[in-house]
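> Chains as they are written, first to last, in the UniProt record's numbering: chain A, 1 to 420; chain B, 1 to 420.
Please note that the accuracy of each hint is not assured.
In this list, chains with the same sequence are indistinguishable; a pair is considered to hold if it fits within one copy or across any two.
Claimed, not checked - Capping the alpha-carbon separation at 30 Å, the derived lysine-lysine pairs in DSS-like fashion look like this: (1) 95 / 383; (2) 277 / 118; (3) 154 / 103; (4) 105 / 286.
FYI, nobody ran anything at the bench for these hints, they're computed from the structure.
As the structure is a prediction and not an experimental result, all values here were calculated from the model.
Protein chains: 2
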Amino acid sequence: MCGTDNDSTAAPAPHPASKANLPSSSPYSQVQDYLSNTQRYQIIESTLREGEQFANAFFTREHKVKIATMLSEFGCQYIELTSPVSSQASYDDCKYICSLGLKAKILTHVRCNMEDAKRAVECGVDGVDLVIGTSSFLREYSHGNALEVIEYVKSKGVEVRFSSEDSFRSDLVDILALYQAVDKAGVNRVGIADTVGGATPRMVYDLVRTLRGVVGCDIECHFHDDTGCSVANAVTALEGGATHVDTSVLGIGERNGITPLGALMARMVVSAPEYTKATFDLPRLKDIEEYVASVVEINIPFNNPVTGFCAFTHKAGIHAKAILANPSTYEIIDPALFGLTRYVNITSRITGWNAVKGRITQLGLDGPGGFETDAQIKEVTAKIKQLADIRPLAIDDADSIIHAYHLQLTGNGKQQETAA
Amino acid sequence: MCGTDNDSTAAPAPHPASKANLPSSSPYSQVQDYLSNTQRYQIIESTLREGEQFANAFFTREHKVKIATMLSEFGCQYIELTSPVSSQASYDDCKYICSLGLKAKILTHVRCNMEDAKRAVECGVDGVDLVIGTSSFLREYSHGNALEVIEYVKSKGVEVRFSSEDSFRSDLVDILALYQAVDKAGVNRVGIADTVGGATPRMVYDLVRTLRGVVGCDIECHFHDDTGCSVANAVTALEGGATHVDTSVLGIGERNGITPLGALMARMVVSAPEYTKATFDLPRLKDIEEYVASVVEINIPFNNPVTGFCAFTHKAGIHAKAILANPSTYEIIDPALFGLTRYVNITSRITGWNAVKGRITQLGLDGPGGFETDAQIKEVTAKIKQLADIRPLAIDDADSIIHAYHLQLTGNGKQQETAA
């Protein structure tokens with residue numbers, strides 16, 4: 001038994017994007033998951049459909065084209081658009097985006113009736129996402145309409161997905177029977193939707209695993225975030241055998257939205273690092289989020305995974321010390337994967353002297369004639385903490401204290417003038 | 001088999017805070033969970049400890065007292081404070097808050113050594129949360145220090161929790177052996193910490209369930225949100241037998257923080273409605289979040305569960321229609337539980353005529369001499385959608401269109417002047 005993987009005295013370990021540096025009996029190392037598709041999941045990016053249902057969303061054609069293009073270049077396999085039946089602009093823009101020849105396949109999301117399906121196919125989409133309402137699905141299905149619509153879309157050489165709303169409050173027997181029937185009819189995917197955002201991961205796992213045993217087609221999942229579980233539900237669905245996850249940029253959608261693309265990337269770069277890095281151009285994420293945020297006039301949440309302003313900021317003494325020795329100690333994600341950098345905060349009352357030591361090295365004030373002993377660094381740390389007890393400090397404030405102390409050490413009057 | 005629970009033709013069902021209105025074979029109705037503590041969980045509120053590690057946090061005594069008081073009145077069972085060893089102000093403020101006689105028990109979080117433990121006990125806390133670092137825990141334990149410290153804290157009649165950091169990257173055998181030993185030594189709780197935020201719900205369930213079989217004491221869980229799973233991991237831990245969850249207001253903490261108190265309330269009011277409503281004063285949540293947000297100078301994220309500005313906003317036609325007939329169709333949480341209201345958006349290109357009908361009723365423009373037929377409502381809806389295709393509309397814009405149309409119907413010149 002050799003203890004843990006992050007002994008701070010060891011040489012910096014590789015960033016734990018791979019699980020290679022975990023002890024063999026760590027809870028992170030799971031039993032083989034034969035159902036899991038975490039290593040080959042696909043994204044159905046719905047900023048231009050679900051996201052258009054966000055309270056603040058008003059997308060012009062210019063916005064739509066730019067968003068679709070960015071998402072396609074990012075590596076999203078599918079882009080879903082608002083139903084062309086919604087309005088004339090929705091129809092025209094859908095048609096236009098289909099004509100752009102983007103790498104991503106273009107989908108539109110329509111009610112499961114012949115009129116809507118025909119309008120969708122007219123636009124030239126690569127796939128039609130059919131949805132039936134909660135209350136009506138048995139009725140619609142029993143009318144035989146659904147099979148007729150599926151048949152029609154397939155006959156046009158267009159992909160078809162079939163989904164009901166509110167899968168987690170529907171009768172399980174009904175869902176399974178319905179999806180088995182549409183699977184036999186040849187749909188490409190069936191969809192599970194947590195329309196009200198009430199599902200927990202264990203519910204998701206049970207439902208998806210059960211469905212996986214009943215249908216042969218792909219399984220798409222759509223999770224709302226009303227109870228804060230949309231990212232965890234998505235990864236758990238993939239573990240249970242789902243193949244496709246619906247996302248939107250920053251999660252924008254009805255109410256507080258769905259699984260955010262960026263947060264899912266944060267999750268999947270940990271759960272499936274090789275596939276995720278190879279498939280998605282992660283350094284583009286920040287620009288995509290910033291563009292969409294500006295269009296819908298929101299701020300990127302302070303706590304957004306990866307791109308929130310403090311996602312890679314380390315503050316407590318014990319954390320800062322370890323991060324300086326070995327980033328993987330307190331970071332599960334390497335910020336460089338997303339083209340970002342970390343920041344170690346040394347300006348608070350919980351600052352430790354190791355973080356200050358790191359800053360002193362950054363400033364080039366260590367070594368002969370400067371900070372030579374740990375005792376000196378501890379003394380200047382105490383000065384910083386003393387001031388931080390009284391008022392909030394900026395990094396400049398801490399630097400000034402360090403510089404002032406350094407001048408005492410060197411006793412150099414000329415340097416004092418420069419620093420002042 | 002009678003289909004789903006949300007037939008829009010039925011009378012409004014009770015809001016699904018209880019699971020009573022689910023079909024018996026719904027995926028929401030789980031098998032009996034004998035390990036689950038979702039119906040009796042307790043909150044360890046760490047805004048004043050973990051939250052102080054947030055990049056923007058600088059709490060004065062006044063802030064700390066107000067936050068502790070609000071959280072105690074909200075119903076949090078424990079409030080955790082920064083180690084009194086961190087700085088003089090931390091020590092003084094800890095002592096002061098302990099003297100206030102709040103209903104919540106006061107904890108402080110210190111390194112597992114005798115010096116820190118003594119300072120903590122000096123402050124008059126109700127409990128000491130001992131933590132040992134990842135890399136050092138075997139060493140510290142083998143020195144026998146941990147047991148000595150536990151012994152000391154217990155001898156002072158103070159609660160004691162023992163936790164290691166980074167539980168999910170530690171060796172499982174080591175953790176279980178260590179926790180079994182401290183359980184025998186009489187700790188009140190052991191703590192599982194996902195310090196880097198990399199755990200998934202299934203990892204959490206496996207680890208907590210295993211630990212539950214090994215220790216008799218309570219189990220506290222602490223989840224970081226780097227990969228967006230902190231809320232789901234918390235509820236899954238409770239399902240697996242954990243008893244206490246660490247939270248902070250809005251999730252503030254190191255990097256992008258931990259399980260947010262508000263999001264966890266959203267989750268638990270669905271998972272354990274009766275207990276959650278009886279235990280926590282939910283309508284206070286919004287004020288608490290707004291106060292903390294103002295102190296640390298952040299905006300409440302647009303997508304925050306419950307209190308995000310659009311958490312109860314409904315926009316798509318199909319959603320708005322159903323919400324007006326029966327709110328539970330598209331809401332898993334009744335906003336009234338948190339003292340909030342819903343808002344149905346009728347100002348977009350995806351607006352449906354049922355939502356406009358609802359607005360017309362709110363404006364009192366329906367009935368004889370006004371909007372009398374669905375055809376009229378559909379026509380005015382088309383006018384709204386037409387304008388919404390061209391530019392973003394405010395609710396005033398839609399109201400103006402409705403009023404103008406209404407005037408045509410009534411042909412009343414005097415009303416026209418009033419409306420203009």
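> Please go over all the hints and tell whether each is borne out by the structure.
Here is what the structure says about each hint:
In this assembly of identical chains, the alpha carbons of residue 95 and residue 383 lie at most 30 Å apart only when taken from different copies (23 Å versus 65 Å within one copy). Within a single copy, residue 277 and residue 118 get their C-alpha atoms no closer than 38 Å, and across copies no closer than 48 Å, so neither meets the 30 Å cut-off. Only within a single protomer do residue 154 and residue 103 lie at most 30 Å apart by alpha-carbon distance; the minimum there is 21 Å, versus 64 Å between protomers. Taking the closest pair of Cα atoms, residue 105 and residue 286 come within 30 Å of each other only inside a single copy of the chain (23 Å); across copies the shortest separation is 42 Å, beyond that limit.
Hint violations for this structure: number 2 only, all remaining hints satisfied.
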